[in-house]
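Participant: For the record, in the sequence shown the residue sitting at position 29 is 92 according to my numbering, with numbers rising by one throughout.
Quick caveat, the hints were computed from the structure, so don't treat them as lab data. Please note: incorrect hints may appear among the correct ones.
Stated by the list, open to error - Heads up, simulated PhoX-like pairs for lysine-lysine below, C-alpha to C-alpha not over 20 Å straight-line:
#, residue 1, residue 2
1, Lys111, Lys287
2, Lys240, Lys287
3, Lys110, Lys287
4, Lys293, Lys218
5, Lys293, Lys178
6, Lys255, Lys287
7, Lys255, Lys177
To be verified - Across the chosen pairs, the derived CB separations fall in these ranges:
#, residue 1, residue 2, range
8, Leu169, Glu307, 33 to 39 Å
9, Lys293, Ala173, 37 to 43 Å
10, Lys240, Ser94, 38 to 44 Å
11, Gln334, Asn185, 50 to 56 Å
12, Ala186, Cys333, 19 to 25 Å
13, Lys177, Asn318, 38 to 44 Å
14, Glu336, Val108, 43 to 49 Å
15, His262, Gly181, 18 to 24 Å
16, Lys110, Lys218, 17 to 23 Å
17, Asp158, Gly181, 14 to 20 Å
We put the CB at the ideal spot given by N, CA and C, even for glycine.
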Amino acid sequence: MIITNAEIICNSEGVALSSYTANNDQQSPVSFQVSSHGVTDTGHVRKKNEDSILVHEDENIWIVADGMGGHHAGDFASQTITNNLSLFKQHASLDDSILLLEENILNSNAVIRKKSHGLGRNATIGSTVVCVYVWHNFMFTLWAGDSRLYRYRDKRLQRLTEDHSYVEELVRMGKLKACDAEEHPAANVVLKAVGIDDHLCIDFDYFELQDGDIYIICSDGLYKDLEESKIEPIIESHSENMNELSEALLEASLNAGGTDNTSIITMKTCQKEG
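Using the sequences and the hints, build the whole thing.
Facilitator: In structure tokens:
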């Protein structure tokens, strides 16, 4: 869903944002402080790290971008996204802030397309993106590709984004079991990303925050080497310190193989008093 095309903005559970904001108009909106930390690593197999991350607590945005294209400058693609969004300044208006984030991603798409055309007919470069923005008691996410956003709440890890990948489509159609997706020959085929097409449709969703939520934004290097069932106990052991959590997740991923570039941003919400 793209916010610019939505008359009534609803999340993945079908709940309209207006049902929340109407209540906030009648009282001071609840606000949350977010503690966060990000790490990125080349891994044990790749020669170059084509991932980029952005942790920008002052403007309440966090980004993971996983570049694709190898020697054709996948790192250029991911860095274009994080560099553009590092200039983001949030507005008083929620709509204006979300639209600005979307515009920055679409502008990155145009820049990457131009670079790709300059590299020749057979060159295709691009990058996944997960962009998270926190506004009062809401988290908004815009994404394209197979990088992910997770939430850990009530001792349960839940994926909040859907992969734009060939195997995810097969799973949705019932043609492939989710447990077999990572072993499929086309497991690395991404159907949507920034820079691979002139026209980019950015997926959008939002969630209401709760005190003590933990969120993880990551590239596929984390979940392809480390099963979700192994991520949960690591979160539980390091739930009080986001620096320790991100480092522990990275270490576990590397110990499990480190077969790809791995980027991780960990976030924890704390409700402000007053």
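Participant: Decide if the proposed pair is consistent with the structure: Lys111 and Lys287, CA atoms, cutoff 20 Å inclusive.
Facilitator: holds, 18 Å
Participant: Is the Cα-Cα distance between Lys293 and Lys218 20 Å or less?
Facilitator: holds, 13 Å
Participant: Just to be sure I understand the hint, the distance between the Cβ atoms of Gln334 and Asn185 should be within 50 to 56 Å; is that true here?
Facilitator: At roughly 52 Å between Cβ atoms, Asn185 and Gln334 fall inside 50 to 56 Å, so the hint holds.
Participant: Looking only at beta-carbon atoms, does the pair Lys240, Ser94 fall within the given range of 38 to 44 Å?
Facilitator: The hinted range 38 to 44 Å holds for Lys240 and Ser94, with Cβ atoms some 42 Å apart.
Participant: Range hint 17 to 23 Å: satisfied by the CB atoms of Lys110 and Lys218?
Facilitator: Taking Cβ atoms as reference, Lys110 and Lys218 lie about 39 Å apart, which means the hint is violated.
Participant: Against the range 43 to 49 Å, how does the distance between the Cβ atoms of Glu336 and Val108 compare: consistent or not?
Facilitator: holds, 47 Å
Participant: Please check whether Ala186 and Cys333 have a Cβ separation lying inside 19 to 25 Å.
Facilitator: violated, 45 Å
Participant: Range hint 38 to 44 Å: satisfied by the CB atoms of Lys177 and Asn318?
Facilitator: 40 Å Cβ-Cβ, so the 38 to 44 Å window holds.
Participant: Is the hinted range of 37 to 43 Å satisfied by the C-beta distance from Lys293 to Ala173?
Facilitator: holds, 39 Å
Participant: Do the alpha carbons of Lys240 and Lys287 lie within 20 Å of each other, as the hint requires?
Facilitator: holds, 16 Å
Participant: So does Asp158 sit 14 to 20 Å from Gly181, Cβ to Cβ?
Facilitator: Violated - the Cβ-Cβ distance for Asp158 and Gly181, about 35 Å, lies outside 14 to 20 Å.
Participant: Hinted pair, alpha-carbon criterion (20 Å max): Lys255, Lys177. Please report holds or violated.
Facilitator: Given that 20 Å is the threshold and the Cα spacing comes to 17 Å, the pair holds.
Hint violations for this structure: numbers 5, 12, 16 and 17, all remaining hints satisfied.
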